[in-house]
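Number of protein chains: 2
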Amino acid sequence: MKAKVHVMLKQGVLDPQGEAVRHALAALGFQGVGGVRQGKVIELDLAETDAKRAETQVRAMCEKLLANTVIESYAIELA
Amino acid sequence: MKAKVHVMLKQGVLDPQGEAVRHALAALGFQGVGGVRQGKVIELDLAETDAKRAETQVRAMCEKLLANTVIESYAIELA
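Line by line, the protein sequences give chains A and B.
If you want the numbering used here, it's the 1-based position in the first sequence plus 66.
If you want the numbering used here, it's the 1-based position in the second sequence plus 66.
Just chain A, with the same shape it has in the complex (with noise of 0.2 Å):
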């Protein structure tokens, strides 16, 4: 089973890459961008068959792990 989890900063947290990217995105005359937010996105590759099993996994994992719970928020996609 394959997961994908995303891993966002929360609203209101500072996001400098995202930033970046948008003064970038002016320089090189790219108009109308309002907000930028950059995220990371993990893919797994999962042994685990039972979707209901594998979400309590990769949530688990997401606590533990993958994502500051304190300033990201994190969203799971199993497929």
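Just so you know, these hints were derived from the structure itself, not from any lab.
None of these values were measured; they are calculated from a predicted model.
Note that the Cβ used here is the ideal one computed from N, Cα and C, for glycine as well.
Mixed in with the good hints there might be a few duds.
[Unchecked claim] Now the in silico label distances, taken between C-beta atoms and shown as ranges:
1. 144(A) with 126(B): 28 to 34 Å
2. 122(B) with 136(A): 36 to 42 Å
3. 100(B) with 92(A): 39 to 45 Å
4. 100(A) with 100(B): 37 to 43 Å
Position chain B relative to chain A; hints supplied.
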């Protein structure tokens, strides 16, 4: 209009970040985790309201700045 860009290393390109995550998960006791790949997501707020033109614009951003197309592939999602 909002756009989400996913940038991942192409298949076959070594992904040291993903490998580090895989090792860390194993060290934390998570079993049954095969491959791990890490990429980035960039969320853009665009002034453009036409989906077709927005896609063209975002594609140009990817080619010029957001992705290194030699080693990375990208996917665009508009919402």
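Hint check results:
no.: 1; hint: 144(A) with 126(B): 28 to 34 Å; result: holds (33 Å)
no.: 2; hint: 122(B) with 136(A): 36 to 42 Å; result: holds (38 Å)
no.: 3; hint: 100(B) with 92(A): 39 to 45 Å; result: holds (41 Å)
no.: 4; hint: 100(A) with 100(B): 37 to 43 Å; result: holds (39 Å)
Hint violations for this structure: none, all hints satisfied.
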